Amino acid sequence: MKKKNLGIRLKKYWPFYIMALPGLIYFFINCYIPMSGLILAFEKYSVSGGIFGSKKIGLQNFKFLFSNADAWIMTRNTLLYNLTFIVLGLVISITTAFLLHELKSNLSRKVYQTVILFPSLLSVIIVSYLVNAILAGDTGFINNHILIPLGLEPISFYSEKKWWPFILTFVHFWQMTGTSCILYLANISAIDTSLYEAASIDGAGRLQSFFKITIPCIIPTIVTLTILAVGKIFNSDFGLFYQVPMNSGAIIDVTQTIDTYVYRGLLNTSNLGMTAAAGFYQSVVGFCLVFFTNMLVKKISKENAMF
Amino acid sequence: MVRKDLGFQTICHLVLIIMSVLVLFPIALLFISSMSPESDIIKYGYSLVPKSFDFTAYKYIFKEGSVFHSYFITIIVTFTGTIVSILITTMLSYTLTVKELPGRGILSFLVLFTMLFSGGLVPSYMMWTTLFHIKNTIWALLVPNMLCNAFHIMITRSFFQNNIPPAILESARIDGMNEFGIFFKMVLPLSTPIIATIGFMKALMYWNDWTNSLYYITDKNLVGIQALLNNMLTNVKYLAQSMDASSVATDVANIPSLSMRLAIAVVGMIPMIILYPFFQKYYMKGLTVGAVKG
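Protein sequence lines correspond, in order, to chains A and B.
All residue numbers for the first sequence refer to the numbering used here, where the first residue is 1 and numbers rise by one.
All residue numbers for the second sequence refer to the numbering used here, where the first residue is 1001 and numbers rise by one.
Looking at chain A on its own, in the form it has when it is part of the complex (with noise of 0.2 angstroms):
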């Protein structure tokens, strides 16, 4: 009975799995092909064996990984990058939000927000340009317009490692405030208007009634943001470490993330196993990450949790 049932269904619904196909081929081979790849973390890769025949050699890769220095630096460096933007993100995206919103001018508010956004649609590439234009040792603008008019000795930025840190953080707000911002002042703007006229009533200053009504109205989405960014604390965005700045070997140290150290092992493929375990450790343990914030973020708010 259930059987006949399912094949009028089938019948009925035909059109619509035409329809879902398409999306549905495209995600098998991009996404579901690639992870049975990951064997290759298990594997001696030769090009006659290919990815499922070569020889497997169990946690061969995994313990020449981590016998190196590089494992360690790329998991810092991602890690630190990643706190770094969070907490700072926090601070800078509900600070700008909060401007925005007291601003009682719908035009300017306009204005700044476009100009705020517009980076966001520049590519990396541009951005290092941009960056390049301000920092290169030659043509730089700080050393030639600033420096060396001040009498102070030019700085070959690309060659100094202590200067990266600063810079990619700046390099990361300025791409990033602009988006961030934006469901922040949402929320700020969905506000009840009568809880600050009511604090207004009883003498509150504008910082306290930030404080006391602003930040606890959008708590919820600071949490389901924050949770939801530490799930991405492993990733990093492979642009920014590895085009701003200009893939300098010098400053390597601190510009490495685990998606530029497997980049790079890409490209010298005697090593391929390696690279391959590294990849497979960013995989996993993100997706434990992310698993695991997920399931946090469903117990605080139910709708902004993904599954």
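Treat the hints as calculated values from the structure; they're not laboratory data.
All values derive from a computational prediction rather than experimental measurement.
C-beta: ideal position from N, C-alpha, C; glycine also.
Fair warning: there could be bad hints in the mix.
Said to hold, decoys possible - Once the Cα atoms are required to be at most 25 angstroms apart in a straight line, the calculated DSS-like pairs of lysine-lysine come out as:
no.	chain 1	residue 1	chain 2	residue 2
1	B	1135	A	44
2	B	1099	A	298
3	B	1285	A	104
4	B	1185	B	1043
5	B	1059	B	1043
6	B	1285	A	110
7	A	12	A	104
8	B	1099	A	302
9	B	1099	A	12
10	B	1135	B	1220
11	A	56	A	44
12	B	1043	A	298
13	B	1099	A	11
14	B	1220	B	1237
15	A	55	A	44
16	A	11	B	1185
17	A	63	A	44
18	B	1281	A	104
19	B	1220	A	110
20	A	298	A	232
21	B	1059	B	1281
22	B	1237	B	1063
What the hints assert, rightly or not - To be clear about the criterion: a stretch of chain B counts as covered by chain A if any three or more of its residues have a C-beta under 8 angstroms from a C-beta of chain A, and this derived list gives those stretches:
no.	stretch
23	1023-1035
24	1175-1182
What the hints assert, rightly or not - Anything over 10 angstroms on all C-beta distances counts as not near chain A; from chain B, calculated:
no.	residue
25	1044
26	1050
27	1052
28	1145
29	1160
30	1196
31	1222
Starting from the known structure of chain A, fit chain B onto it as the hints suggest.
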């Protein structure tokens, strides 16, 4: 009270003006330097107040075929990619809204799971190059990681669920319209806001993509505008070196490489700057939803 408020408004404006200046400063530097003579850039560095204006760099771009060629590649890829991915994304999302569809739960899960777990770069690279042989083909710019993603499926699906009343679909079915007709003649026309949203995001993705080119393209004929800029970033003389002696009537040695790559960067930004005002509303909407789900 009024006075205090004025003070606060001033502070708001002041902070936001400082932020806007920080945002605009490097962009202005790029624009202005692209219009400066090469010799000034070498002598004085990139500057906001140029000693003189000079459009040689732009003239070279118009004379030099390979810049046009890259531009053309990027336009074709962006256009085709955006259209195809809108189609694939809306069709799959629409299917996932049909409540009684057998297997709907499994299909949704398969789409969603790709957001949680991925094979990463190494297996993808191996698959695309050894199984599908897309190295140095136009497919490499269109397909890997670009055509369709779970996040766009999710925002499109929730748009359909909230904005397409099932009653009109039902009445169309009763009138004897088939499912394809309903989708293309009724659902899509009602969905222009979401099509604009994901369309703009897709176009932006394709226009700005340089990674696929980095991974899969070595052929000079398939270098798009971002890839061209990337090559020129690491090697200022890339363009001069890549010109054939035969095709150039110009003096290769005198190409203003420094200002020219800035001019190409400017030209590379312009299409998105033009589209941005029209799509800003949709873009912001997509970002608001995307901040949580993405």
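Going down the list of hints, with the structure as the test:
{"no.": "1", "hint": "B:1135 / A:44", "verdict": "holds (24 angstroms)"}
{"no.": "2", "hint": "B:1099 / A:298", "verdict": "holds (23 angstroms)"}
{"no.": "3", "hint": "B:1285 / A:104", "verdict": "holds (22 angstroms)"}
{"no.": "4", "hint": "B:1185 / B:1043", "verdict": "violated (62 angstroms)"}
{"no.": "5", "hint": "B:1059 / B:1043", "verdict": "holds (22 angstroms)"}
{"no.": "6", "hint": "B:1285 / A:110", "verdict": "holds (14 angstroms)"}
{"no.": "7", "hint": "A:12 / A:104", "verdict": "violated (56 angstroms)"}
{"no.": "8", "hint": "B:1099 / A:302", "verdict": "holds (21 angstroms)"}
{"no.": "9", "hint": "B:1099 / A:12", "verdict": "holds (13 angstroms)"}
{"no.": "10", "hint": "B:1135 / B:1220", "verdict": "holds (13 angstroms)"}
{"no.": "11", "hint": "A:56 / A:44", "verdict": "holds (6 angstroms)"}
{"no.": "12", "hint": "B:1043 / A:298", "verdict": "violated (59 angstroms)"}
{"no.": "13", "hint": "B:1099 / A:11", "verdict": "holds (16 angstroms)"}
{"no.": "14", "hint": "B:1220 / B:1237", "verdict": "holds (15 angstroms)"}
{"no.": "15", "hint": "A:55 / A:44", "verdict": "holds (5 angstroms)"}
{"no.": "16", "hint": "A:11 / B:1185", "verdict": "holds (22 angstroms)"}
{"no.": "17", "hint": "A:63 / A:44", "verdict": "holds (13 angstroms)"}
{"no.": "18", "hint": "B:1281 / A:104", "verdict": "holds (20 angstroms)"}
{"no.": "19", "hint": "B:1220 / A:110", "verdict": "violated (42 angstroms)"}
{"no.": "20", "hint": "A:298 / A:232", "verdict": "holds (17 angstroms)"}
{"no.": "21", "hint": "B:1059 / B:1281", "verdict": "violated (35 angstroms)"}
{"no.": "22", "hint": "B:1237 / B:1063", "verdict": "holds (17 angstroms)"}
{"no.": "23", "hint": "1023-1035", "verdict": "holds (count 7)"}
{"no.": "24", "hint": "1175-1182", "verdict": "holds (count 3)"}
{"no.": "25", "hint": "1044", "verdict": "violated (6 angstroms)"}
{"no.": "26", "hint": "1050", "verdict": "holds (12 angstroms)"}
{"no.": "27", "hint": "1052", "verdict": "holds (17 angstroms)"}
{"no.": "28", "hint": "1145", "verdict": "violated (7 angstroms)"}
{"no.": "29", "hint": "1160", "verdict": "holds (12 angstroms)"}
{"no.": "30", "hint": "1196", "verdict": "holds (15 angstroms)"}
{"no.": "31", "hint": "1222", "verdict": "holds (16 angstroms)"}
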